[in-house]
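One-letter residues, chain by chain:
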Amino acid sequence: MAFEGLTGRLQDAFSGLRKKGKVTEADVKDVMREVRMALLEADVNYKVVREFVKTVRDKSLGEEVLGSLNGGQQVVKIVNDELTQLMGGEQEKIVFAEPGQGPTIYMMTGLQGAGKTTTAGKLANYLRKHEKKKPLMVAADIYRPAAIDQLQNLGEQLDIPVFSMGDQVSPVEIAEKGIQQAIEDGRDVVIIDTAGRLHIDETLMDELEDVKAAVNPHEIFLVVDAMTGQDAVNVADSFNDRLDITSVILTKLDGDTRGGAALSIRSVTQKPIKFTGTGEKLDALEPFYPDRMANRILGMGDILTLIERAQQEVDEDRAAEMAEKMRENRYDFNDFIEQMDQMQNMGPLEDIIKMIPGMNKVPGINDFEMDPKDMAHMKAIVLSMTPEEREDPELLSQKRRRRIAKGSARDIAEVNRLIKQFKQSRDMMSKMSKGNMGGLENMLGGGVKGKLGKMAMNSMSKKINKKKKKKIVRKKK
Amino acid sequence: MGLFDKIKSAFTGADKKAETEIGETSTAKDTTIEPADTQKETEQYEKGLQKSRRSFTRRLNELLANFRYEDEEFFEELEDLLIESDVGFEATMVIADKLRYESKVENVRSMADAERVIVQTMVDLYGETNPDHHVFNENPDGLTVVLFVGVNGVGKTTTIAKLAHQYIDKGKKVVLAAGDTFRAGAIEQLHIWGDRVGAQVISTKQGGDPAAVVYDSIQTAQEQHADILLIDTAGRLQNKKNLMNELEKMKRIISREIPDAPHETLLVLDATTGQNALSQAKIFKETTDVTGIVLTKMDGTAKGGIVLAIGKELGIPVKFVGLGETMDDLHPFDTEKFAYGLFKELIQQTV
Numbered sequence: 000m001a002f003e004g005l006t007g008r009l010q011d012a013f014s015g016l017r018k019k020g021k022v023t024e025a026d027v028k029d030v031m032r033e034v035r036m037a038l039l040e041a042d043v044n045y046k047v048v049r050e051f052v053k054t055v056r057d058k059s060l061g062e063e064v065l066g067s068l069n070g071g072q073q074v075v076k077i078v079n080d081e082l083t084q085l086m087g088g089e090q091e092k093i094v095f096a097e098p099g100q101g102p103t104i105y106m107m108t109g110l111q112g113a114g115k116t117t118t119a120g121k122l123a124n125y126l127r128k129h130e131k132k133k134p135l136m137v138a139a140d141i142y143r144p145a146a147i148d149q150l151q152n153l154g155e156q157l158d159i160p161v162f163s164m165g166d167q168v169s170p171v172e173i174a175e176k177g178i179q180q181a182i183e184d185g186r187d188v189v190i191i192d193t194a195g196r197l198h199i200d201e202t203l204m205d206e207l208e209d210v211k212a213a214v215n216p217h218e219i220f221l222v223v224d225a226m227t228g229q230d231a232v233n234v235a236d237s238f239n240d241r242l243d244i245t246s247v248i249l250t251k252l253d254g255d256t257r258g259g260a261a262l263s264i265r266s267v268t269q270k271p272i273k274f275t276g277t278g279e280k281l282d283a284l285e286p287f288y289p290d291r292m293a294n295r296i297l298g299m300g301d302i303l304t305l306i307e308r309a310q311q312e313v314d315e316d317r318a319a320e321m322a323e324k325m326r327e328n329r330y331d332f333n334d335f336i337e338q339m340d341q342m343q344n345m346g347p348l349e350d351i352i353k354m355i356p357g358m359n360k361v362p363g364i365n366d367f368e369m370d371p372k373d374m375a376h377m378k379a380i381v382l383s384m385t386p387e388e389r390e391d392p393e394l395l396s397q398k399r400r401r402r403i404a405k406g407s408a409r410d411i412a413e414v415n416r417l418i419k420q421f422k423q424s425r426d427m428m429s430k431m432s433k434g435n436m437g438g439l440e441n442m443l444g445g446g447v448k449g450k451l452g453k454m455a456m457n458s459m460s461k462k463i464n465k466k467k468k469k470k471i472v473r474k475k476k
Numbered sequence: 000m001g002l003f004d005k006i007k008s009a010f011t012g013a014d015k016k017a018e019t020e021i022g023e024t025s026t027a028k029d030t031t032i033e034p035a036d037t038q039k040e041t042e043q044y045e046k047g048l049q050k051s052r053r054s055f056t057r058r059l060n061e062l063l064a065n066f067r068y069e070d071e072e073f074f075e076e077l078e079d080l081l082i083e084s085d086v087g088f089e090a091t092m093v094i095a096d097k098l099r100y101e102s103k104v105e106n107v108r109s110m111a112d113a114e115r116v117i118v119q120t121m122v123d124l125y126g127e128t129n130p131d132h133h134v135f136n137e138n139p140d141g142l143t144v145v146l147f148v149g150v151n152g153v154g155k156t157t158t159i160a161k162l163a164h165q166y167i168d169k170g171k172k173v174v175l176a177a178g179d180t181f182r183a184g185a186i187e188q189l190h191i192w193g194d195r196v197g198a199q200v201i202s203t204k205q206g207g208d209p210a211a212v213v214y215d216s217i218q219t220a221q222e223q224h225a226d227i228l229l230i231d232t233a234g235r236l237q238n239k240k241n242l243m244n245e246l247e248k249m250k251r252i253i254s255r256e257i258p259d260a261p262h263e264t265l266l267v268l269d270a271t272t273g274q275n276a277l278s279q280a281k282i283f284k285e286t287t288d289v290t291g292i293v294l295t296k297m298d299g300t301a302k303g304g305i306v307l308a309i310g311k312e313l314g315i316p317v318k319f320v321g322l323g324e325t326m327d328d329l330h331p332f333d334t335e336k337f338a339y340g341l342f343k344e345l346i347q348q349t350v
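Protein chains in written order, with numbering that gives the first Met the number 0: chain A, 0 to 476; chain B, 0 to 350.
The hints are simulated quantities; they were obtained by calculation from the structure and are not laboratory data. Keep in mind that the hints are not guaranteed to be accurate.
[Said to hold, decoys possible] A few chain A residues that don't get close to chain B, going by computed Cβ distances all over 12 Å:
1) Phe13
2) Asp184
3) Gln341
4) Ile352
5) Leu394
[Stated by the list, open to error] Simulated crosslink set (DSS-like; lysine-lysine; CA at most 25 Å straight-line):
6) Lys280/A - Lys240/B
7) Lys430/A - Lys280/A
8) Lys97/B - Lys28/A
9) Lys248/B - Lys284/B
10) Lys248/B - Lys280/A
11) Lys248/B - Lys372/A
12) Lys97/B - Lys311/B
13) Lys372/A - Lys204/B
14) Lys239/B - Lys372/A
[As the list claims (entries may be wrong)] Over 12 Å on every C-beta distance to chain B, these chain A residues come out as not near it, computed from the model:
15) Glu24
16) Tyr45
17) Lys92
18) Pro98
19) Glu175
20) Arg196
21) Ala213
22) Glu279
23) Leu297
24) Thr385
25) Arg399
26) Ile411
27) Asn415
28) Met427
Ideal Cβ positions, reconstructed from N, Cα and C, are used throughout, including at glycine.
Make a model of the complete structure from these sequences and hints.
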């Protein structure tokens, strides 16, 4: 996931400081030198870095950090606050047209290959799902071969209409006619996809100005690849100068970029980042929260996003029922499959795990990747069981297990392992839900400090290590 | 004497005549595809690099005028300057550390000394990335297979079209394989290019098996005695292990069908990409044994300085560079020209 490289470096920088009782001026200077390097290596614009380091240093030296008992923690807090500020402070919401004003009009702009067309599709999907809008996408990229096909194809996948006039008509006319069409068809959001262009290409930048003047959009999104280097600032600056963009969408944040662009663009353009693209699927678009992102960068996890994603996927009554089942040790393979599906819907497991505070520090966590096929194999095994077997795992005799192995085309050892793991986790859940619920809350609220949190982390890291060893052994064979 | 030695001697004062010779030696090397107009190409490099060069040299001179050897702030400013010029983080740190060291150990005290150290280190760095052979590996007797890999949106499909166009211009028979079966519109995009440049395109439906497309395209190319097969693949972020495995599989199939193939595996890199390009190069090299880089979008304001670090750490040479939107804007990368574009003004000022 993005930012990990930066997180690691910042945590290294702070690790010495955290242990210290009292912090001296020299300590702060040393740490800030490390922070500076970490940010520069993450492609944060050098001017932004200079400003940031200066602010944090001044604040750290100015407040009662020096000499106080937990000065190290306070420096981390200042860095966290300043990172949040750097990315815009508060989350900013997308702008819609006033009621009765006609459809809301958005323009997608950016360099070639930033991900405008894909993002247009994701945005349309997001607005329909979360804002109950009826979007129309307008294909105004008349230059790149098959750009129109791409948007139409996305429209078909999403079942969202696409307006196109081919590639022989000017983008201005396409945009204008597209809006007319939206009004006629009762669509309330129009997303205009424009061709990618270099910020120094005068002719094409003029064209964008013309489109803007013709349609008077409510938002002009600048779509920026999160992997962009020092050039991000040049690009954002030029687009902003010419078009007065309203917001930024960062794409490809599911890569392993250190995400410097996210930190630079806001402070250079003074325009908020509103969304991030986080995957290949068309629902992989998320609102951008500066505070949560700062937490994530500093390795403090992102428990809020985790909870929100869970809320989206999990029905509350059903969850309560599940908890009841766990308590009574009635949790069965049907529940297991259901939860597995919910987990999968929440996104890649490795990303979810890292949202838990402290998990990014668990040894080997960066190499941990769950193959979706593993999940599919587990599911195949369960689906090869009879309904009775799923409800009562005690029925699973060796004979039945062999049948299941054949039915799911998996190894008998794999079947055994799954059943064993299932029983173990069922017992653990039962114990936890009966007596140790307090411990669980501590784990989530108190970060890694909670007793259970530590225990869970220890056993987790052991398991991962074991798994790694196993894999190595298997490879040798 | 190579260009780098010349530049070096120009700065170290060993050869005062270097300046005049540089203009003559900076013509294109023997590469498989001759650029139509060498002069024009040099201009394009220079135009692209002009903006950074002007501010870079001016600011470097300003900075050096105030050279304070024991002042950490001086070094930080120097680092900022180099980073802003898109030299890349690693190269920047190498240069700054070298100067820190020299100012302590070698007793560098004057502005002229500092300048010499900085420039020499930079030139050395560029020299290190100058590959022993940056020649495009063609199969002399039969089909040449080229596999294109890279993250999303770097310009793989467009690069393939440009390269196909150049080979067809030289009278070669070209087959294109639409191995990007994932992205909406990717297959259509390649088909349109194929029609425009006159190359046959092998494809399946969207969502189909890319490995099967690869297999089919090899069969077709061999049956039709094509000279070159260019294989497009879906863009993928390098940290997606499953997608990287898929790429590995595609490469395995190529090597199974033609043992020497792919003759080139080209990683397409967007010049605007920052430090992440290093991670891209590293992981794509592990998976597909990348043999060269195509640096695209060099006509913008980005300088692609990260290829320095990539060359130094991974030894992957840049083979082509994309300098514009038209079909003819793909050129063999010439390290000397690239460096010359960056250093020209410095050389003229200093010597």
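Status of each hint after checking the structure:
Listed as a non-interface residue, Phe13/A keeps its Cβ farther than 12 Å from every Cβ of chain B; the least gap is roughly 20 Å. At roughly 23 Å, the least C-beta separation between Asp184/A and chain B is larger than 12 Å, which holds for a residue marked as non-interface. With a least CB separation of 21 Å from chain B, Gln341/A remains clear of the 12 Å interface cut-off, as annotated. A cut-off of 12 Å between C-beta atoms confirms that Ile352/A is not in contact with chain B; the least separation is 15 Å.
At the 12 Å boundary, the C-beta of Leu394/A stays outside the reach of chain B, the nearest C-beta of that chain being 35 Å off. For a cut-off of 25 Å, the pair hint linking Lys280/A to Lys240/B stands: about 16 Å separates their Cα positions. Restraint check for Lys430/A and Lys280/A: the C-alpha separation of about 38 Å exceeds 25 Å, so the hint is violated. The hinted pair formed by Lys97/B and Lys28/A meets the criterion: a straight-line CA distance of about 22 Å does not exceed 25 Å.
Of the pairs offered as hints, the one joining Lys248/B and Lys284/B holds, with about 14 Å between alpha carbons and a cut-off of 25 Å not exceeded. Of the supplied pair hints, the one linking Lys248/B and Lys280/A holds, its CA atoms being roughly 23 Å apart against a limit of 25 Å. In summary, the hint linking Lys248/B to Lys372/A is supported, as the alpha carbons are separated by about 16 Å, within the 25 Å threshold. A C-alpha spacing of about 16 Å is found between Lys97/B and Lys311/B, which places the hinted pair at or below 25 Å, so the restraint holds.
The hinted pair formed by Lys372/A and Lys204/B meets the criterion: a straight-line CA distance of about 23 Å does not exceed 25 Å. For the hint linking Lys239/B to Lys372/A, the alpha-carbon distance of about 14 Å falls within 25 Å, and the restraint holds. Consistency note on Glu24/A: stated as away from chain B, and its beta-carbon is indeed over 12 Å from all of that chain's, at 15 Å minimum. Residue-level check failed: Tyr45/A sits 4 Å from the nearest beta carbon of chain B, not beyond 12 Å.
Against chain B, the non-interface label of Lys92/A holds: every CB pair exceeds 12 Å, the least being about 27 Å. The Cβ of Pro98/A sits about 33 Å from the closest Cβ of chain B, beyond the 12 Å cut-off, so the non-interface label holds. Remark: the non-interface label on Glu175/A is consistent with the geometry, its nearest Cβ contact in chain B lying 24 Å away (cut-off 12 Å). For Arg196/A, the requirement that its beta carbon stay farther than 12 Å from each beta carbon of chain B is not met, with the minimum near 9 Å.
The claim that Ala213/A lies off the interface holds: its Cβ sits roughly 24 Å from the closest Cβ of chain B, which is beyond the 12 Å cut-off. Consistency note on Glu279/A: stated as away from chain B, yet its beta-carbon is not over 12 Å from all of that chain's, at 7 Å minimum. At the 12 Å boundary, the C-beta of Leu297/A stays outside the reach of chain B, the nearest C-beta of that chain being 19 Å off. With 12 Å as the threshold on Cβ separation, the claim that Thr385/A sits away from chain B holds: the shortest Cβ distance comes to roughly 32 Å.
Under the 12 Å C-beta cut-off, the non-interface status given to Arg399/A relative to chain B holds; the minimum distance is some 32 Å. For Ile411/A, the condition that its CB be more than 12 Å from all CB atoms of chain B holds, with the nearest at approximately 26 Å. The claim that Asn415/A lies off the interface holds: its Cβ sits roughly 26 Å from the closest Cβ of chain B, which is beyond the 12 Å cut-off. Met427/A, annotated as away from the interface, keeps every beta carbon of chain B farther than 12 Å; the closest lies near 29 Å.
Taken one by one, the earlier hints fail for this structure at numbers 7, 16, 20 and 22, listed in ascending order.
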